[in-house]
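Q: Sequence:
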Amino acid sequence: MNDSFSERVKDFIKKIPKGKVATYGQIATYSGNPRASRQVAWILHSSSNKDNLPWQRVINSKGKISLPHMGGYEHQKELLEKEGIEFDENDKIDFKRFLFSINDF
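Counting from 1 along the sequence shown, just add 16 to a position and that's the residue number in this note's numbering.
The hints are simulated quantities; they were obtained by calculation from the structure and are not laboratory data.
Just so you know, not all the hints are guaranteed correct.
[Said to hold, decoys possible] Only pairs whose alpha carbons sit at most 25 Å apart, straight line, appear in this in silico SDA-like list of lysine to any residue: (1) K31 to W58; (2) K30 to L60; (3) K112 to M86; (4) K34 to S63; (5) K36 to L60; (6) K93 to N76; (7) K34 to Y46; (8) K108 to H61.
On a predicted model such as this, the values are computed, not experimentally measured, just so you know.
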């Protein structure tokens, strides 16, 4: 395992398979700092392109996309739907079906 929190976050995000999602808080917890959800969001924002992270698979703890409508929301939803993720009538993702767990390895 890498030493820095940032590297552990990136490693976890890279492990989220197609058809699954993870939450900011879940990633923070598995990376060693359960109170660092916002830091996960910052790492994701600043590193997605250069580290080729599957950023679209990271959502909030309510099972929803955090990006605003007309500010990336529609793009993220489209990418997730292409991977087989389904949204209910409230644009929520069912964690029982789609939440990734590191224990899935």
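Q: For every hint, state whether the structure bears it out.
A: Outcome of the hint check:
1. K31 to W58: Given pair K31, W58 holds - Cα atoms ~18 Å apart, limit 25 Å.
2. K30 to L60: 11 Å, holds
3. K112 to M86: The hint is violated at about 28 Å.
4. K34 to S63: Answer holds: K34 to S63 is near 19 Å, not above 25 Å.
5. K36 to L60: Since the Cα atoms of K36 and L60 sit roughly 17 Å apart, the hinted pair holds (cutoff 25 Å).
6. K93 to N76: Since the Cα atoms of K93 and N76 sit roughly 13 Å apart, the hinted pair holds (cutoff 25 Å).
7. K34 to Y46: Distance ~19 Å between K34 and Y46 Cα, so the pair holds.
8. K108 to H61: 22 Å, holds
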